[in-house]
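Enquirer: In case you want the letters, here they are:
Protein chains: 2
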Amino acid sequence: MAKALSGKEVVSSINKSIKGEVSFLSDRGIVPKLAIVRVGERGDDISYERGASNRCAKVGVEVKKILLPDEVPQDRLLSEIEDLNKDETVHGILILRPLPRHIDDSLIRNAIRPEKDVDGITDGSMVGVYTGEDIGFPPCTPQACMEILDYYGIDVTGMNAVVIGRSLVVGKPAALMLIKRNATVTVCHTRTVDTPSISKAADLLIVSAGRAGIVGKDYLREGQIVIDVGINVNDEGKLCGDVDYEAADAIVEAVTPVPGGVGTVTTSVLVKHVVLAAKRQSGF
Amino acid sequence: MAKALSGKEVVSSINKSIKGEVSFLSDRGIVPKLAIVRVGERGDDISYERGASNRCAKVGVEVKKILLPDEVPQDRLLSEIEDLNKDETVHGILILRPLPRHIDDSLIRNAIRPEKDVDGITDGSMVGVYTGEDIGFPPCTPQACMEILDYYGIDVTGMNAVVIGRSLVVGKPAALMLIKRNATVTVCHTRTVDTPSISKAADLLIVSAGRAGIVGKDYLREGQIVIDVGINVNDEGKLCGDVDYEAADAIVEAVTPVPGGVGTVTTSVLVKHVVLAAKRQSGF
Numbered sequence: 021m022a023k024a025l026s027g028k029e030v031v032s033s034i035n036k037s038i039k040g041e042v043s044f045l046s047d048r049g050i051v052p053k054l055a056i057v058r059v060g061e062r063g064d065d066i067s068y069e070r071g072a073s074n075r076c077a078k079v080g081v082e083v084k085k086i087l088l089p090d091e092v093p094q095d096r097l098l099s100e101i102e103d104l105n106k107d108e109t110v111h112g113i114l115i116l117r118p119l120p121r122h123i124d125d126s127l128i129r130n131a132i133r134p135e136k137d138v139d140g141i142t143d144g145s146m147v148g149v150y151t152g153e154d155i156g157f158p159p160c161t162p163q164a165c166m167e168i169l170d171y172y173g174i175d176v177t178g179m180n181a182v183v184i185g186r187s188l189v190v191g192k193p194a195a196l197m198l199i200k201r202n203a204t205v206t207v208c209h210t211r212t213v214d215t216p217s218i219s220k221a222a223d224l225l226i227v228s229a230g231r232a233g234i235v236g237k238d239y240l241r242e243g244q245i246v247i248d249v250g251i252n253v254n255d256e257g258k259l260c261g262d263v264d265y266e267a268a269d270a271i272v273e274a275v276t277p278v279p280g281g282v283g284t285v286t287t288s289v290l291v292k293h294v295v296l297a298a299k300r301q302s303g304f
Numbered sequence: 021m022a023k024a025l026s027g028k029e030v031v032s033s034i035n036k037s038i039k040g041e042v043s044f045l046s047d048r049g050i051v052p053k054l055a056i057v058r059v060g061e062r063g064d065d066i067s068y069e070r071g072a073s074n075r076c077a078k079v080g081v082e083v084k085k086i087l088l089p090d091e092v093p094q095d096r097l098l099s100e101i102e103d104l105n106k107d108e109t110v111h112g113i114l115i116l117r118p119l120p121r122h123i124d125d126s127l128i129r130n131a132i133r134p135e136k137d138v139d140g141i142t143d144g145s146m147v148g149v150y151t152g153e154d155i156g157f158p159p160c161t162p163q164a165c166m167e168i169l170d171y172y173g174i175d176v177t178g179m180n181a182v183v184i185g186r187s188l189v190v191g192k193p194a195a196l197m198l199i200k201r202n203a204t205v206t207v208c209h210t211r212t213v214d215t216p217s218i219s220k221a222a223d224l225l226i227v228s229a230g231r232a233g234i235v236g237k238d239y240l241r242e243g244q245i246v247i248d249v250g251i252n253v254n255d256e257g258k259l260c261g262d263v264d265y266e267a268a269d270a271i272v273e274a275v276t277p278v279p280g281g282v283g284t285v286t287t288s289v290l291v292k293h294v295v296l297a298a299k300r301q302s303g304f
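The listed protein sequences correspond, in order, to chains A and B. Heads up: the first sequence at position 160 corresponds to 180 in our numbering, and the numbers run straight through without jumps. Heads up: the second sequence at position 181 corresponds to 201 in our numbering, and the numbers run straight through without jumps.
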């Protein structure tokens with residue numbers, strides 16, 4: 021049986037360190053604050069907002085919600101963001117996306133000051149991931165993968181890592197973050213010929229394919245570490261990942277479960293970024 | 021014997037298309053102009069400047085040179101760049117680097133308007149490479165590799181491509197450009213375990229290792245396409261690449277020579293970017 025890389029354990033470790041930082045800041049009169057900007061009433065947004073707010077509350081991070089109607093004019097949204105940029109009590113800004121179609125996504129994303137871009141969506145944050153410099157913040161999901169590796173003491177130096185997926189929110193940043201950590205990285209995607217063979221050769225597999233259970237036994241071998249970024253609903257209405265967990269459990273060395281794996285860590289990374297932003301903005 | 025992927029042929033094809041564009045612009049009263057900013061008197065800089073100027077002259081692109089002393093104050097350099105940004109007759113700006121130590125490289129790079137950043141050094145251009153969007157310009161060297169692929173009709177879709185090197189000027193952008201072109205891409209570097217085996221499995225190999233002749237027969241197999249980005253001087257004082265050309269010549273399907281390969285195309289890409297910048301800035 022594979023070792024389950026439990027997201028809960030990682031979260032509890034991150035929370036512990038966050039609480040220490042929050043208490044350090046609190047002694048200096050600073051309360052880290054996240055502003056969540058939501059346009060409209062999409063169920064996904066509301067549930068992510070709830071998760072993030074609860075996680076913040078648990079560790080003493082304040083949340084300010086900016087709720088705007090679906091038909092909000094772009095200028096109004098822009099001026100809300102500018103107010104949040106100027107507001108010294110707000111350290112991080114999270115904009116729930118996708119935004120309605122009448123709004124220019126790139127304009128809104130890049131209106132956020134990179135120092136407050138705790139979700140890693142500005143061009144500045146992307147340059148940071150690309151160059152490996154400390155500009156803005158990396159996107160939370162690939163950073164969650166790195167936190168899992170760190171918590172379990174997995175040094176990827178010299179490992180053959182395969183990333184399945186080439187999106188801007190997971191695949192590309194995960195690949196660049198692994199390259200920075202000295203892994204040899206291969207990026208597979210929908211146009212890859214024979215992804216199973218390539219995956220099978222990997223020491224570390226990060227899967228963000230967006231298809232339930234697609235990574236089965238023909239992708240896997242003994243000794244692998246598998247991180248499953250997928251979040252899907254299967255035919256029985258249950259949450260599941262991109263990895264066939266039963267198959268992985270029988271073959272590989274370690275695998276993240278879904279639910280209870282990367283997803284749960286992602287929210288903690290967001291909160292960690294807010295606290296880090298608060299520290300930086302306060303000169304610590 | 022391998023087919024030699026001649027840079028000269030690619031250059032002559034690019035020059036032909038550039039001349040057409042220059043004549044189109046000239047009919048509308050526009051002469052594309054490149055500004056070259058050089059600080060100090062480094063031999064490498066002077067020789068690159070000469071090469072670029074000659075190439076520009078051949079196709080009817082004007083060159084404006086801004087020559088500044090080694091000890092130029094940063095503010096002065098910055099104000100020169102701002103003048104070039106504002107000057108509507110200047111379409112592209114090339115800053116020869118590295119800059120002297122007293123100058124903040126990031127500040128100077130990012131002072132260039134991305135539309136005029138024909139050498140792909142601004143954060144804006146990097147975001148363009150990372151996201152695959154049309155922002156600024158890609159760096160000239162990896163773009164030269166793409167031009168070679170295009171000229172020889174090599175579609176990389178589904179190919180296993182291996183990039184040796186992870187620099188910001190070659191390795192990372194080349195990898196991202198190949199991913200955009202639907203290749204399955206592996207990035208190897210100094211911390212990779214067994215680069216020869218990984219290279220040997222590649223259909224396409226782009227080598228930017230910075231070590232003369234390091235890629236020998238244990239990296240190569242029949243049927244491969246090899247693009248050698250290296251420019252080194254060997255023990256006999258001759259220019260040579262990172263690939264052992266004789267070994268490659270005996271084994272692979274096609275290989276770029278050094279000299280006469282990627283390097284010569286790089287300068288043409290710079291000129292092509294200037295003409296493209298002139299077109300865009302004139303609304304064509």
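Careful: at least some of the hints might be erroneous.
Copies of one chain are not kept apart here, so a pair can be met inside one copy or by any two copies together.
Claimed, not checked - Here are the simulated SDA-like pairs of lysine to any residue, each with C-alpha atoms no more than 25 angstroms apart in a straight line:
1. K200 x D124
2. K36 x I86
3. K85 x Q301
4. K220 x T177
5. K78 x I128
6. K237 x A221
7. K220 x G243
8. K23 x G80
9. K53 x D214
10. K200 x P279
11. K299 x L259
12. K106 x N130
13. K39 x T151
14. K200 x L188
15. K39 x Y265
16. K39 x A131
17. K299 x A22
18. K200 x L127
19. K23 x R117
20. K220 x T210
Because the hints were derived from the structure by calculation, they are not lab data. Quick caveat, the model's predicted, so the values are computed rather than measured.
Enquirer: Give a verdict on every hint.
Expert: Results for each hint:
| no. | hint | in the structure |
| --- | --- | --- |
| 1 | K200 x D124 | between (32 angstroms within a copy, 23 angstroms between copies) |
| 2 | K36 x I86 | neither (28 angstroms within a copy, 56 angstroms between copies) |
| 3 | K85 x Q301 | within (20 angstroms within a copy, 41 angstroms between copies) |
| 4 | K220 x T177 | both (19 angstroms within a copy, 21 angstroms between copies) |
| 5 | K78 x I128 | neither (29 angstroms within a copy, 44 angstroms between copies) |
| 6 | K237 x A221 | both (13 angstroms within a copy, 23 angstroms between copies) |
| 7 | K220 x G243 | both (10 angstroms within a copy, 24 angstroms between copies) |
| 8 | K23 x G80 | neither (32 angstroms within a copy, 65 angstroms between copies) |
| 9 | K53 x D214 | neither (46 angstroms within a copy, 47 angstroms between copies) |
| 10 | K200 x P279 | neither (28 angstroms within a copy, 31 angstroms between copies) |
| 11 | K299 x L259 | neither (36 angstroms within a copy, 51 angstroms between copies) |
| 12 | K106 x N130 | both (15 angstroms within a copy, 24 angstroms between copies) |
| 13 | K39 x T151 | neither (30 angstroms within a copy, 35 angstroms between copies) |
| 14 | K200 x L188 | both (17 angstroms within a copy, 12 angstroms between copies) |
| 15 | K39 x Y265 | neither (33 angstroms within a copy, 59 angstroms between copies) |
| 16 | K39 x A131 | neither (30 angstroms within a copy, 40 angstroms between copies) |
| 17 | K299 x A22 | neither (38 angstroms within a copy, 58 angstroms between copies) |
| 18 | K200 x L127 | between (29 angstroms within a copy, 23 angstroms between copies) |
| 19 | K23 x R117 | neither (34 angstroms within a copy, 50 angstroms between copies) |
| 20 | K220 x T210 | both (17 angstroms within a copy, 23 angstroms between copies) |
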